[in-house]
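**Q** Each chain, written out:
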Amino acid sequence: MATSQAHKITLKGSTQLVVEFFEYSIHSILFQRGLYPPEDFKMAKKYGLNMMVSTDDSLQTYLKQVMSQLEAWMMEGKVKRLVLAVLSKATRDVLERWQFDIQVLKETPDGESRPAKSEKEVHTEIQAIIRQITASVTFLPILEEACTFNILVYTDHDAQVPTSWHDADPHYIQKNEEQVRLRSFSTNVHKVEAMVAYRLDQDI
Amino acid sequence: MNPPSKRHRTASAVCDPRADNPFLVATPASAASKNDENAPPSASLSSYTGAPTTAARRPLATVARPRAPTALHASGYPATVHRPSMLHSVVAPTPGRRDLPDTSLLDSARVARWLDAAVGSPDRSTSAHLASQRQLTTEKSNAERAEASRSDSASPSGTGAGRKDLEALEARNKASDLAYQLAMQRSEAERKLTEAATFAQRLQQQLKEKIQRIEKLETDRRYLFDRANEADTLLRQSKDELEQMQAEKNAAMLKQQRENARISEQLHEMQEAQRARESGTSHQLRMLQTKVSGLEDQLAASRSQLQQQMQIADTNKRREEEAHEALAKAEQALQRLRVSGEGGDDADVAAAQLRNQTSQVQALEERNRKLTRELEQLRVKHRDVAVLEEEKLRLEARAAQVDAYRQRCDELEAECIMLRKEKEEWAGFSSTQAGDASIDSPYKMSAALASQRFQLASLTERQGALQAELRRSETALASAEAQVAELEQRCRAVEAEREQDQRELKRYQHTKVLAQKEVAFLREQLKSYDLEEATHMAGNYDAQKTARIEQLEQLLDEYKQRLDQKASAPEATPIKDADASKSSSADEKETLQAELEKLRKENASLQRQTESLDREVGALEQALGRGDYDRKTTRVLQFVDNPAKRDFGIRENAFKALKEENQQLLNQLEALQASGAPVNADVMAHAAESTATGDVVPRQCLLNAQQELRQLEEQLAVKNKRMQRLKEVFAAKGREFREAVYSLLGYKLDFLENGRVRLTSAYASRDDDSFLFRSDEDDHGTMELLGSGNDVFARSLAQHIRVWVAERGSIPAFLSAVTLELVTRQSGNGAIVGMRTMDMANDSTSLGSF
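So the protein sequences, as listed, match chains W and V.
Per full-length UniProt numbering, the first sequence runs over residues 1 to 204.
Per full-length UniProt numbering, the second sequence runs over residues 1 to 850.
Bound conformation, chain W alone:
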């Protein structure tokens, strides 16, 4: 029982860590991709970096709702993937697709858990991903049209879905898709692999 207790505790901590990472990375992507005006963002120190956090109320509320639900699902181990899709307001085309695969790390067959990672190590890994997100501006195409975004959560089929959540379109990028795999990070329980897919506008 003790081990399961410990496991749960680490699960909770890990979940919080991952959710926090999602929150900050979403803020960062929104800032970097210019989905919201930069003046709506304020700086916040996190992971040893200056993170931009939006002050938009509606956005904040939305994200809070999403994250709380995500946390709930993650505690149950139902979440497989989180996707931030950037859509064109005009055409509703999916232009970018930030995908975070979440793997719940199972215990090793011989029953022993892997060597525990300290929070600091996890933070450095997260920091690397955030840096990659920031740096991805260099290769991602400029979003010239007004864009909005949507967050998709891939859950298990048997996950309990509140009424505020609906099934959604997977928001595929329809044509000229390019994929760039980003770094990954892992806590003792979860492994998060980041990836960005984008539509390369060859016409231009």
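Simulated from the structure, these hints should not be mistaken for lab results.
None of the values given here were measured: they were computed from a predicted structure.
One or more of the hints may lead you astray.
Dumping the calculated SDA-like pairs for lysine to any residue here, alpha-carbon to alpha-carbon at most 20 Å [to be verified]: (1) V/Lys733 with W/Tyr36; (2) V/Lys721 with W/Tyr36; (3) V/Lys645 with W/Tyr36; (4) V/Lys719 with W/Thr55; (5) W/Lys89 with V/Ile650; (6) V/Lys645 with W/Tyr172; (7) W/Lys175 with V/Ala619; (8) W/Lys191 with V/Glu550; (9) V/Lys239 with V/Arg227; (10) V/Lys721 with W/Phe41; (11) V/Lys632 with W/Lys175.
Once you have looked at the hints, place chain V on chain W.
**A** Quick look at chain V alone, frame taken from chain W:
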């Protein structure tokens, strides 16, 4: 016979002749050494026989003398001249008192004798004899003189008595007559002696001849070298004889010496008796003594020369004794004469005695002569014997040498024989051993030997090297054998391994077949999935597919691992095979290689499969990246109130409202068209506007307008909010600025109306201690000091104002000076009051003026 030696003796008897005339000793020797050719052998002989040097010298002198008469004279005369003077010195006192007639008488008699002697001497040819005779005559004369002197000295004693004197004179005359007779006899004896000398000379000549003969003999002897042994024996005998003779001679000499000594003693005694008894007889005695001494000399000479002839010496001795006896008789006669000097017939007796004596002396002299002759012979013989001895010794030495030579010769002969034998051996050896004609000398032999040895050494060296090599090769062989064994073992192991490998291979092949089947199955499955996907795009497709993909990936990994193993195993075995068994496992190798080829082919096909699978995986991953998912297992959810939806909702709402409005307007238009004339939209709109009567505008329009109003209000609110935020920021910034200025420069700035600025120092004691500045025209910022809050304060700073503002025109410097002034004032008051906290109450007003 021997005048020099005699002279010597006589001289030495009276005084030391060496002191007076050293020539006496030195000259004969020197003369002999210079003139006598026979000297060296004689010298060597004398040295050999060990005879005294003086004895050896004397005979030399006798030989030498005839040849060097002048020298003898030269040496002889001084002695003869000398002696008489000495004698005179002894008898000196008497002649002075002697009467002249006596002396003349004596002298005349002497002259007559002299003449007689001179007449009697012509037969003596040689000067030596003459000399000797002369000597003798002088001696006689001396003796006569001595007698005369004695008679002279005796005569004065007898002068006292008349008859007696006459008798004495007669006796004296008789005595003189006797003396004269004696002298005559003596001269006769001397003559005989000279004759004997001549005879001796003849003998000498004979001796020379004999010497020649002996020399011949010697030559004979030399020739008769083989008879050396006989000579040796002879020599030895002669040596023995010589020794015996020498011993006899020595004994005789000793006896003679003793006897001589005795005689001399007797003579001395007699002389003493004579001197004691009668001075008259002393002269006679002396004469006799001299005679005796002369005899003694002769005896000594004979004794030294006639050493072998003992018997002769004995006889001589006896004769001498007889002579002594005669002398004694003479003495007795003399005594008797003396006694009968008183008596009468004693003179006759004395005369008879004298006659006897003379006869005896003559006999003596003759014998003496004989003896000397014999002596000479013997001496010569002795010399010859010595020479012979010497020669014999030489011969002995030579014989010894010859013996040594002979011995050596024998040795050499033996050696020669040995060498010959050896040589023969060598020759035989060389002929048998070498065979070839090249080795015919020992040099070549040695050379060949050396070369052979060298070859041998090189061969041994080579042999050693070969042995070492052999050993090495043996060890190598052993190691090789060990290696072979090891390799065989390894080969066996490899074979076993290979069998195992083969079994494994079979298994793998089996599994491979299975895997291929599985792959085919999977492909089919995939196709089915694709089909499924194609048929229903939505659904649980993604989850299943991902699962399948995962499975496939795992399978792929497995295959990869197996392939790796396969690839590594067959590579390792062939190497081992090659090492281990080349002979036995060739067939196996071939089969294995065939298998290997097969496996490689399989491997290639598998690799192709894996490649295709990789491609599939890539495609699947791509799909995954796109966001594909298994629809069966996974749901994609979104929050309902998401920004995109909201955005779309707004748009949709606006769209809907416009649509509604449009619809309503259309409806209204239709209604109008239906009621009135057809007009265009503009006109109608215008009309509608112009005829704005309540219900003309559709409700939707109002709603839309209201919606718009709301949106605008919202926007206004946002703007207000932003404005407010800005204000807040500005206020904060302004406060910050003023605080910074206050704390840095020490003045509180209050911006008043009309661009005026009031500065209140932080160190001001009162609130109204302030300055008022006004900016220039156009508000360029150059400030002008207008005045102060109160005049007292201004006046207190008048000097500063004058200096800094009026003269220098620098407000900042003035303010700084004031600040310093105020600070010093406060400190002068005793307490430094801290900077007054700024009163920020009226910030808003100041901001307002900003």
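**Q** So, for every hint listed, does it hold in this structure?
**A** These are the hints, each one checked on the structure:
1. V/Lys733 with W/Tyr36: Measuring from Cα to Cα gives roughly 26 Å; hence the hint is violated.
2. V/Lys721 with W/Tyr36: It holds: about 17 Å lies between the C-alpha atoms, which stays within 20 Å.
3. V/Lys645 with W/Tyr36: holds (16 Å)
4. V/Lys719 with W/Thr55: holds (16 Å)
5. W/Lys89 with V/Ile650: Between W/Lys89 and V/Ile650 the Cα gap is close to 11 Å, so the pair holds against 20 Å.
6. V/Lys645 with W/Tyr172: Judged against 20 Å, a Cα distance of about 17 Å means the pair holds.
7. W/Lys175 with V/Ala619: holds (15 Å)
8. W/Lys191 with V/Glu550: holds (17 Å)
9. V/Lys239 with V/Arg227: Satisfied, since the Cα-Cα distance of roughly 18 Å is no more than 20 Å.
10. V/Lys721 with W/Phe41: Answer holds: V/Lys721 to W/Phe41 is near 16 Å, not above 20 Å.
11. V/Lys632 with W/Lys175: Roughly 25 Å between the alpha carbons, so the hint for V/Lys632 and W/Lys175 is violated.
Of the numbered hints listed earlier, those contradicted by the structure are 1, 11.
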